[in-house]
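As given, the protein sequences belong to chains A and B, one line each in that order.
All residue numbers for the first sequence refer to numbering that gives the first Met the number 0, where the first residue is 0 and numbers rise by one.
All residue numbers for the second sequence refer to numbering that gives the first Met the number 0, where the first residue is 0 and numbers rise by one.
One or more hints might be untrue.
One copy or any two copies: either way a pair holds, since identical chains are not told apart in the list.
To be verified - Here are the simulated lysine-lysine pairs, DSS-like style, with alpha carbons at most 25 Å apart: (1) K158 / K59; (2) K194 / K146; (3) K30 / K88; (4) K158 / K194; (5) K200 / K30; (6) K182 / K30; (7) K200 / K158.
Honestly, the hints are just simulated from the structure, not real lab data.
The model shown is predicted, which means the values in this text are computed figures rather than measured ones.
2 protein chains.
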Amino acid sequence: MSLNQQQNLFQTIQRLLRMGATSNAKNLITKLHPTDIASIIPLFPAEDQDCILSYLYDIKKIADIFSRLGSSFLKNYLKNHQDYARMAKILEMVASDDRADLLKELDDVDAQALLSLMTQDNSSEVSALLQYQETTAGALMSTEIFKLTEEMTVQNAIKTLREAHKAETIYYIYVVDELNNLKGVISLPQLFRAKDDSLLKELMFNDVVRVTVDESQQEVARLVSEYDFVALPVVDTNNKLMGVITVDDVIDVIQETAQEHAMKMGQASISDVEGDGGLRGIRKKLASYMIIFLGGLIICEVITDFYQWLPPEGIFAGFIPIILRFTGLIARQMSTISIYEMSQGLFLPKRVFRILIGQLCSTAIIGFFSSLTVVVYAFFRFHDNFKLSLAIVISLFFAMFISVLAGFFIPYFLRKIRIDLTHATGPVVNFFLDILTLLLYFGTLIRIVK
Amino acid sequence: MSLNQQQNLFQTIQRLLRMGATSNAKNLITKLHPTDIASIIPLFPAEDQDCILSYLYDIKKIADIFSRLGSSFLKNYLKNHQDYARMAKILEMVASDDRADLLKELDDVDAQALLSLMTQDNSSEVSALLQYQETTAGALMSTEIFKLTEEMTVQNAIKTLREAHKAETIYYIYVVDELNNLKGVISLPQLFRAKDDSLLKELMFNDVVRVTVDESQQEVARLVSEYDFVALPVVDTNNKLMGVITVDDVIDVIQETAQEHAMKMGQASISDVEGDGGLRGIRKKLASYMIIFLGGLIICEVITDFYQWLPPEGIFAGFIPIILRFTGLIARQMSTISIYEMSQGLFLPKRVFRILIGQLCSTAIIGFFSSLTVVVYAFFRFHDNFKLSLAIVISLFFAMFISVLAGFFIPYFLRKIRIDLTHATGPVVNFFLDILTLLLYFGTLIRIVK
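Same shape as in the complex, but just chain A:
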């Protein structure tokens, strides 16, 4: 659904609920795809949310909606309703990998309460999944596998397939021996075309591409896209079949990896927008700034020492590279964040405000340390020229703040006037920033030094 359709659907349902047209609303909602319901539910106030969920009689659909809404919605729902028994039933209908993801983020008390209300099978499945490291195949796999044995006939296989209730997604049939060792794989078209009395072991492909539970998710994504698979079996170190990873989860991995990569190319990271960067984020960035600083100071030395034909005031030029590279780096990070937010449709006032505050704070901290270094350096190097270092500190500090704002908002305005963002952003941002920054630098210099 596009943003527009989403808005329309939200308004229609809101109107129906306000008019009390219950049967119409019910009719509309039951016909919607769970993804669409999940995308509009957060827009409603709490009582309307309950109302919408109560219209759905299909518990599988409710489970699907909860798995898409994620654990913060679930957490809120539990807090408001305290209905653990019903929620445990709903969660039992969620695929095991998504169920583990939901429970992982809950408070321990809530998670334990829900687990204790599930059947033994379902709760132990989830407990097992929760033990895998977050970036491994184990954490991505679902334990609902459709598997059959080698000695089964095609006719029986199809019969079993028709009676299977748990496996939601059947793309391949995995064949195991009596010890649950993965022996082969058969695709559905292959199975269908075979004669009724053929045995599965005669049909199956033996050399199954598989991963172990502790394989990285990047490798899983690479294999799935290289071989065009829709699912990939996961085994333990003894080749026992443990689970299956489906292509929809792989697409999420590919998209997350791609976003993280694009952010890194812009010297930013996802943690900058999710607000969980904190001090670790600053430390990581500080290294980049220190490299720029060191380079800048070396250039300063080069300019002042080697070329003594310069007038004493000429040393001001030595700080231009530091200022330009600082503002350039900040602006680049901020444009990357801004373009990311727009591409995700997240450029909303509340978020923008939170991100800007966060970035201004970390910029202030980095600016403080940088300025301190400048003062110390200038004191030992040009102790007869204290005014110069003061001018540099002041203009550096303000230039950094201007960079945060310019880097963030210029891509937004470029998009408003429909200029291809990503390509034009860098030079355009630098254009305005350089002029502003150097006006500021020279303005301060003139006021203080002259």
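Got chain A sorted already, so can you dock chain B onto it with the hints?
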């Protein structure tokens, strides 16, 4: 297969072929997945390639290998063998979308020869697909659709499913009316669980998410990942079912889009590495450089005009921003290209040489125009200071060449010493580049001006 496994497999087969151990080689090759065969075949000389292909009796597998190897391999194969009849038969086994992709890139004569040897159905399918614009859903879809009618029973549907020979990938069953209008969709698990005598129209989900043939591939990717589909039906403007897009093709779109986006974030583009940028690429880049230039000249004016307390030689500082932003932009583009090449496993001497030559040429052209502008500007602005503009032109020109090399090779060395490339690259490249560039600038200035 990892690069290592690929190398091992290649050496094993090479050894078997050299020893004349035909039956062993045959045995090994027939057991391999078509993806694996396709990944090693280009490593062999022509006669070995023919040998390997001749071992495969399964024409479907050969078709799969050709579709993965792409049209440049096919073009070569046709040139060496001239066996159009056999190739037409092989291509008929390739899915229609891939077949269209293969033929699109061939010479018109070859493509027409192959089409004329195919059955009427297969050749008209491809001709129809070739008419869709490259970035639309139509160009991505396959015309092999498994579709059934509303009045069919579940029992008959399963029977038809088992007899279907054309559709290679069956994830959903699309239900159409007698005019081929898309009416509904049923997933396989749903079909299997239903009673034998239910009609499809009682089971199907009516509100099918679909795209039209001229929808953008980005929108297709968004829908597939939002709804977790494994396939998406494509209709024409009258809602007639035209084809189906499967998730493997969508993954390719997602990856290409992500790569193109990451390249753009680094101010580069895929055409820089594929060598099809040419003059259009230079024109696009020229705009960025002109913006930097304009900004730099304004800064120059600011520095020289507004702050007249500067000594006359002080104007040298006015050109520092232009030089730094130029080298920064070039280095950023080159690191982006370098990181892309490494991430794709394409960092090979022949390619590296071709890319570097291309980039050095386009840099020379841009450098020439930029230098010309500097000379003209400096002539009108500081006609008493011709030496200054000469020094700037010389150092700018050389600094640009250094930037190409430093931007390209520093990420490579960072990877050799295992530093997280993408994050560290920017500051480290600028560190070395700034020092080198400004040493060059001041060195030239001193030699020429003093």
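Now the hints, each set against the structure:
1. Proximity of K158 and K59 under a CA criterion of 25 Å is satisfied intra-copy only: 23 Å inside one chain copy versus 28 Å between copies.
2. With identical chains, the CA atoms of K194 and K146 are at most 25 Å apart both within one copy (19 Å) and between copies (23 Å).
3. Taking the shortest alpha-carbon separations for K30 and K88, only the intra-copy value of 23 Å comes in at or below 25 Å, while the best inter-copy value is 46 Å.
4. Taking identical chains as interchangeable, the C-alpha atoms of K158 and K194 lie at most 25 Å apart whether they share a chain (14 Å) or sit on different chains (13 Å).
5. Within a single copy, K200 and K30 get their C-alpha atoms only as close as 43 Å, which misses the 25 Å cut-off; across copies the closest is 15 Å, which meets it.
6. Taking the shortest alpha-carbon separations for K182 and K30, only the inter-copy value of 15 Å comes in at or below 25 Å, while the best intra-copy value is 42 Å.
7. For a Cα distance limit of 25 Å, the shortest separation of K200 from K158 qualifies both inside one copy, at 17 Å, and across copies, at 23 Å.
Every hint, counting from the list given before, is met by this structure.
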